Amino acid sequence: MNNFPNYVLDTNIFVSALLFKNSQPRQALDKARHQGNILISQAIWQEIIQVLARPKFEKYVTAIERDLFLGWLAESVNFIEISKTIVACRDAKDDKFLELAVNGDAELIVSGDEDLLILNPFQEIAIVTVRQFLEME
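Numbering of the sequence shown is given in the numbering used here, commencing with residue 271 and proceeding in unit increments.
By construction, these hints were calculated from the structure, which means they are not laboratory data.
Mixed in with the good hints there might be a few duds.
[To be verified] Here are the simulated lysine-lysine pairs, DSBU-like style, with alpha carbons at most 35 Å apart:
#	residue 1	residue 2
1	Lys354	Lys301
2	Lys329	Lys354
3	Lys291	Lys363
4	Lys301	Lys326
5	Lys363	Lys301
6	Lys329	Lys291
7	Lys363	Lys326
On a predicted model such as this, the values are computed, not experimentally measured, just so you know.
Taking the hints into account, I'd like the entire structure generated from these sequences.
Dropping the structure here:
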């Protein structure tokens, strides 16, 4: 990797970025990609794939659009191996974002999830909303 900051985005940001092209989550994804490195773990990658495969999203995006987005995303992120596990979040399903941030030496986590936001900062890693991230210089 390079010397740019490392960012962790939660699954909902990736999903909203695909579904709503001009949304704040899409702007946050684009900003993170242009200003730093987007980190992802295998667990989060699998969650993104599973969520986007849900039938309720078929009315918003085609399978081709979804697959093109996933292909673009795979080329745009840095996959991080998780060696240090974390148990800190009141919703255990969200620990994977903390694990990724710690293992990938992230500067911040971008999320709308209150279970993560309440932990800000976590081991000196800022946890911010999409709006807060977009307002940062």
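Hint-by-hint comparison with the structure:
| no. | hint | verdict |
| --- | --- | --- |
| 1 | Lys354 with Lys301 | holds (28 Å) |
| 2 | Lys329 with Lys354 | violated (39 Å) |
| 3 | Lys291 with Lys363 | holds (27 Å) |
| 4 | Lys301 with Lys326 | holds (28 Å) |
| 5 | Lys363 with Lys301 | holds (26 Å) |
| 6 | Lys329 with Lys291 | holds (15 Å) |
| 7 | Lys363 with Lys326 | holds (22 Å) |
The structure fails hint 2 only (numbered hints given earlier).
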